[in-house]
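Go ahead and model the full structure; you've got the sequences and the hints to work with.
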Amino acid sequence: MLDIQDPEQFRSALRAWLEENCPEEMRDGAADETTICWGGKNWKFSSEAQKIWLERAAAEGLTVPTWPREYGGAGLDRAREKVFQEEMARINARTPLQSFGIWMLGPALLHFGTHEQKLEYLPPIARGEIRWCQGYSEPGAGSDLAGLQTKCEDMGDRWLVNGQKVWTSYADKADWIFALVRTDKESKHKGISFLLIDMTSDGVSTRPIKLISGASPFCETFFDNVKVPKHHVVGEVNRGWDVAKYLLTHEREMISGSGMFAGVSRSLGAVLADDSDGLTEPTLRAKAMEAEVDALAVGLTLERYKDQAEAGGGVGDASAMLKYMGTELNKRRHELLMAAGGSDALEWDGTHAGRAGDWLRTKANSIEGGTSEVMLSIVSRRVLGLPG
Amino acid sequence: MATLVKTEEETMLADAARGFLDDAAPVTHLRGLRDAGETHDPALWKEMAQMGWAGILVPEEQGGSDMGHAAAGVLAHEMGKTLATSPFLSSAVIAATALRQVSDARGDALQRIASGEAIYALAVDEGNKFAPDATAMTAERVGNGFRLTGDKTFVVDGALADRLLVLARTEEALTLFDIPADRDGITRSAQNMIDARDSARIRFDGVEATGDDVVGQVDHAMDVLKPALEAGQAALAAEMSGLAAGAFGMTVEYLKERKQFGIAIGNFQALQHRAAHLWCETEVTASAILHAGRKLDEDPANATLAVSLAKARATSTAQLAVMEGVQMHGGIGMTDAFDMGFYMKRARVSAEWLGDYGYHAGQVARLRGF
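Protein sequence lines, in the order shown, are assigned to chains R and V. Using the numbering used here, the first residue of the first sequence is number 1, and each one after it goes up by one. Using the numbering used here, the first residue of the second sequence is number 1, and each one after it goes up by one.
Worth flagging that the hints you see were computed from the coordinates, not collected in a lab. Mixed in with the good hints, there may be bad ones.
Here are the simulated lysine-lysine pairs, DSSO-like style, with alpha carbons at most 27 Å apart [as the list claims (entries may be wrong)]:
(1) Lys-41(R) <-> Lys-190(R)
(2) Lys-226(V) <-> Lys-129(V)
(3) Lys-118(R) <-> Lys-190(R)
(4) Lys-129(V) <-> Lys-287(R)
(5) Lys-51(R) <-> Lys-173(R)
(6) Lys-82(R) <-> Lys-6(V)
Derived DEER-like restraints, expressed as beta-carbon distance ranges [claimed, not checked]:
(7) Arg-31(V) <-> Asp-317(R): 34 to 40 Å
(8) Lys-245(R) <-> Arg-18(V): 29 to 35 Å
(9) Asp-299(V) <-> Pro-68(R): 31 to 37 Å
(10) Ser-47(R) <-> Val-349(V): 53 to 59 Å
(11) Ala-134(V) <-> Gly-342(R): 32 to 38 Å
(12) Ile-367(R) <-> Leu-367(V): 31 to 37 Å
(13) Lys-245(R) <-> Ala-301(V): 44 to 50 Å
(14) Gly-37(V) <-> Ile-367(R): 52 to 58 Å
(15) Arg-31(V) <-> Arg-381(R): 33 to 39 Å
(16) Pro-59(V) <-> Leu-119(R): 53 to 59 Å
Predicted, not measured: the structure shown is a model, and the values here were computed from it. Backbone N, C-alpha and C fix where the C-beta goes; we use that ideal spot for every residue, glycine too.
Encoded structure:
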């Protein structure tokens, strides 16, 4: 199937493959927090179908359709990737696997990693065997990320890491962490390295941070004299900031692109109409219409940028726009869902549990991965060329 | 569907258009017309027609270049940037799209549109809001023909046009007529609109029409008018995106130049963030515009959602761009001597023409199931 280059012939083959291999239970709509398969050593499949779906998709490289086949992907170009997305959407299939390994580390390794690093780390990500988390932020370094202090010393035969990370998403469930560490105190941006650390190493500990949503997706992670093999640095020592910037671009696209546009596949108005008497309340209806217009247009922009990237035009700093628009839109969407739900939506547990939690969770959208204000500053300076 | 990136051909078209318009139709051109009390420059339109713009949606065998709706949008965008004034939307986009769908193609009408000889205007509106379905103007059957009676308003290019596409009610349904603007019983009075472009009120007082004047089939106006309206809405959206880009460009330049408290005002974060937000809005709208053009070219029967999305987004973005443009320029932005006011006025008129934000957001909602 993957050898078929013609998009329409590929579509027929893929359609047949999906018909045979995607379990019925996995055709229940776009992924959300409860239906995502994250993979990793600690992962417990929510059903046999979820496990089967992951195994079959991974065997074809379809968990990471655009990655090269030698690293566990399907090697699809943009035209066939679109076909893949369309056919998945057509049968309402769940994404077989999602993870920070796929969204963030993978692209960074593909760009900066050595051949050995790619062969070692990418296939287990594609198969859902190793789950990664991200160690960027620190208590003293939020939006000023390059101010990070986690110390990484060269001990000759290994690295020695000491320090603390915060907002490490799902660190308590991850197998490995990719972290930014300080290898040179004298230079702010050129003293940072990008390091891969096994979470089972001695001296690594982590604990969840409970959020206003009641959930604990984020953690604090501590490094206490952690020994790391020398070859676990990605890219050059002291040049990790380049890797970080590249990866942040992907993170922004990921945050704006994944699930954020549930509004595109699923009409917000149709969702709202389910529980607000047909959306008759005029202000709610007007806001829903506006949100629908904007969601469709932002979704098309994501598509346009992908087309542009495929055509050779980089997206670069414009990804800050996607992050800003996508996350602000998602917050609006959840405000409307709360308004439509009325008193039902306020329940912390019971039949309607979850909606308020989701709403509260979205408040982090415009903070994580760079705040909306940071995104606007990036656009202002790097896209528009304004001073400062 | 073709990608949401401009093709090489479209990029070349945009570059050529930009070069021509900067030179031949900058905002000062519109200002000059307004100051002279005129709404149209026949010489400019003739040049545009010679470059093939008037025939961009006309089939090649009828003298057009038939480049498609996305390409028409590319041209409209460039024209919007400098507020170039011409009957491009009325004639080359709306009328050409309506007429090319008719099997007889109405004699040499398309050729005359492509050459720029015939200028068409679309007479649809009767009230102060776009509502074709509510058309009250009557086309009463008299023998083999019709007698048209009623009033149309906000007929863009209606005073200068030599032909009119007129929507009227026959029995219970609607019929579209193509009649010369000087036919007996037609009275045109210019509407001096805020944007200084051509617009007219037109009275039809027992105007006689024959079966030959009907475009398409009697009682089936929407078969030909709907695609034409959508083509016009998409191109108008593209023009508005160009208008937003023009206003935005002026604003960003000003932020870099204008000094207050000893530094360029572009240093102030309060202004930086508003400018950045505005740019984000223009980027998102650009995607909707190109998508609408592609959809009209490739799947016209199902383009309504894409077109209404584009018009709604273009309307809100253009209005934001001109409001911010005036505000960030401060006092000078309020003066007639400065060009930003022209952008603000055109944006306001374009917001209403062919359906306002609410009309199109309503269409989006309906097509999205609520």
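Hints and how they fare:
| no. | hint | in the structure |
| --- | --- | --- |
| 1 | Lys-41(R) <-> Lys-190(R) | violated, 35 Å |
| 2 | Lys-226(V) <-> Lys-129(V) | holds, 17 Å |
| 3 | Lys-118(R) <-> Lys-190(R) | holds, 24 Å |
| 4 | Lys-129(V) <-> Lys-287(R) | holds, 21 Å |
| 5 | Lys-51(R) <-> Lys-173(R) | holds, 18 Å |
| 6 | Lys-82(R) <-> Lys-6(V) | holds, 18 Å |
| 7 | Arg-31(V) <-> Asp-317(R): 34 to 40 Å | holds, 36 Å |
| 8 | Lys-245(R) <-> Arg-18(V): 29 to 35 Å | holds, 33 Å |
| 9 | Asp-299(V) <-> Pro-68(R): 31 to 37 Å | holds, 34 Å |
| 10 | Ser-47(R) <-> Val-349(V): 53 to 59 Å | holds, 58 Å |
| 11 | Ala-134(V) <-> Gly-342(R): 32 to 38 Å | holds, 35 Å |
| 12 | Ile-367(R) <-> Leu-367(V): 31 to 37 Å | holds, 34 Å |
| 13 | Lys-245(R) <-> Ala-301(V): 44 to 50 Å | holds, 45 Å |
| 14 | Gly-37(V) <-> Ile-367(R): 52 to 58 Å | holds, 56 Å |
| 15 | Arg-31(V) <-> Arg-381(R): 33 to 39 Å | holds, 34 Å |
| 16 | Pro-59(V) <-> Leu-119(R): 53 to 59 Å | holds, 56 Å |
In summary, the structure is inconsistent with hint 1 from the numbered list given earlier, while agreeing with all the others.
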